[in-house]
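Guided by the hints, dock chain B onto chain A, whose structure is given.
Protein chains: 2
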Amino acid sequence: MQHGNNQRVYIQDVAVRDGFQIEPEFIATSEKIGLIDTLSRTGLAKIEVTSFTSPKAIPALADAEAVMQGIERVPGVIYTVLVPNVRGAERALICRADELNIVMSLSETHNLTNLRMKREQSFSQLAEVIRFARPTGVALNVSLSCAFGCPMEGVVEQDEVFGWAHRFVDLGVDGITLCDTTGMAHPTQVQFMCNAFKQRWPSTELTLHFHNTRGMGLANVIAALEAGVDRFDASLGGLGGCPYAPGATGNICTEDLTHMLALSGYDTNVDLDLLIACGRRLPAMLGHDVPGQVGKAGKVSDLHSIPQWLPEIKARADAKVALA
Amino acid sequence: MQHGNNQRVYIQDVAVRDGFQIEPEFIATSEKIGLIDTLSRTGLAKIEVTSFTSPKAIPALADAEAVMQGIERVPGVIYTVLVPNVRGAERALICRADELNIVMSLSETHNLTNLRMKREQSFSQLAEVIRFARPTGVALNVSLSCAFGCPMEGVVEQDEVFGWAHRFVDLGVDGITLCDTTGMAHPTQVQFMCNAFKQRWPSTELTLHFHNTRGMGLANVIAALEAGVDRFDASLGGLGGCPYAPGATGNICTEDLTHMLALSGYDTNVDLDLLIACGRRLPAMLGHDVPGQVGKAGKVSDLHSIPQWLPEIKARADAKVALA
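Those sequence lines, one after another, are chains A and B. Heads up: the first sequence runs through residues 3 to 326, numbered per my numbering. Heads up: the second sequence runs through residues 3 to 326, numbered per my numbering.
In isolation and in its complexed conformation, chain A is listed as follows (with noise of 0.2 Å):
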């Protein structure tokens, strides 16, 4: 393996729909709209705009149309959804969505526990989804939840995780997101099912989506980079959380991902400054601190000044050695 050598890898930011669905406080469509407009000023890849869902179920994100609406959209940057359903394909659809993100879970008991249906019930509404969107030319992407474990089940066999992810390729979506949940995918897993998978779909675009769950996340992002994977999930801050695992942290952060890859000589496009910034904005607008480390230290290039009382320090050094 030789890491880095300017390889392109892209990242996606999934903080203000996946982050911001859990916040408790509702927060003000303007403020969702101005902190999009910057990170779409970063050189993301992708961002995950919101999700038309029922506002009931996800009052977080009652404002959907409102965000999509009213951010600017920059050249370059993918801005997808999440939809669960045709209903909400076509909401997203007169958004002007660059992609719709469908998701179900590859455990029966998570599938079940979340969205309250049978994996098979999913999977016929999202091939619903897939044929009303396909002729609209619009990008589709699906997000496997559970693909490296399920909290209550525990091991997801890879045959499973293939044999679903066959089943979408079939149907003929543009990508495939395999999604670490709840945090418990390990390096070696990892590695192993990304070889697998672009082995078996070279041609289709696979996205990997860790959580920091139990320290793994940027370990995992190593292997799988290793695997060949260049796109990657992450979200600002940290941001995301994990209903299975209180006090744990969420999704992989964005700016620790991006600093991390940057420092390993890969290609990311992003302007890191100005993303450590973005992240830097959000305890005040949540209320709360967040999990990323590197808004909190800083990069390692910030450098920190030398101590006033050092000079003297070093002359009584030197008249030491001066003296011995």
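Watch out, some of these pointers could steer you wrong.
One copy or any two copies: either way a pair holds, since identical chains are not told apart in the list.
[As the list claims (entries may be wrong)] 25 Å max Cα-Cα, derived SDA-like pairs, lysine to any residue:
hint, residue 1, residue 2
1, Lys322, Ser56
2, Lys298, Gln23
3, Lys316, Met154
4, Lys58, Arg98
5, Lys120, Leu305
6, Lys316, Ala326
7, Lys316, Glu122
Simulated from the structure, these hints should not be mistaken for laboratory data. These numbers were taken from a predicted model, which means no experiment stands behind them.
Only chain B this time, still in chain A's reference frame:
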């Protein structure tokens, strides 16, 4: 690269020295001993017990002798202690330390700031320790701070790192620890440095000491493993911190490291459940939260129970399928 494969990895805990030394409240000697005695039974390869420095300089570790004499030695565990000078080495030898760990920084500015002397002065003092202790047969390890960068000077060239390492190898140390003191290392750098070190000094025991200041701690472990490194410092609960990055996390967390390695197929020899139980004692002992993630989220294999309302949801879903 092929991860895991039951390869042995040695885990060395530094929490009771590196972590405890910056705790504002003095931790009772009996509590320290109790924690170390449990840690000893987890199967860790090495425990850094305390520091034989001046009690005025580090009051938190003023009970170094009492701790060393109070702990129960478990065969197979190496009990190492930090010593700054010959006086410290004498005290450590009286307490039958298995290993003396000596420290200097590879950055002149950081060494002056931290140890109040020039690097050459530190080197002379440590060379004296080595000459004094060598005949006793005690193991000797040198920890080189800022091996991956200095928070004030920035880049520390690899020639600089290897130049100092060379001088210590010549003096006959058994092991060298490359310390990423303030969390500046990134995976490409780690891979490059570790490969070069292993090639140059294949028989010197190499330890990597990472901090998670910018979220890259476990990613750097993956990079180091790939370069053939099999020995890591880590800190229970992720204790440690860094004065240059307020609010940032400290050393990589022993539970998080062990959990990742075990999942990824490495042989750590560590009883992960007992280790996690140790880490969960810290918040009560210290009066504050700790940064480690696995202690909060549990292991990947700690499954969550299925919600009580799930059978009803499932019955409704089944009914819908039957109707369709």
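Hint check results:
Taking the closest pair of Cα atoms, Lys322 and Ser56 come within 25 Å of each other only across two copies (20 Å); inside a single copy the shortest separation is 74 Å, beyond that limit. Taking the shortest alpha-carbon separations for Lys298 and Gln23, both the intra-copy value of 24 Å and the inter-copy value of 23 Å come in at or below 25 Å. Taking the shortest alpha-carbon separations for Lys316 and Met154, only the inter-copy value of 15 Å comes in at or below 25 Å, while the best intra-copy value is 59 Å. Within a single copy, Lys58 and Arg98 get their C-alpha atoms as close as 23 Å, which meets the 25 Å cut-off; across copies the closest is 67 Å, which misses it.
For a Cα distance limit of 25 Å, the shortest separation of Lys120 from Leu305 across copies, 20 Å, qualifies, whereas the shortest one inside one copy, 53 Å, does not. Taking the shortest alpha-carbon separations for Lys316 and Ala326, only the intra-copy value of 15 Å comes in at or below 25 Å, while the best inter-copy value is 82 Å. Within a single copy, Lys316 and Glu122 get their C-alpha atoms only as close as 72 Å, which misses the 25 Å cut-off; across copies the closest is 12 Å, which meets it.
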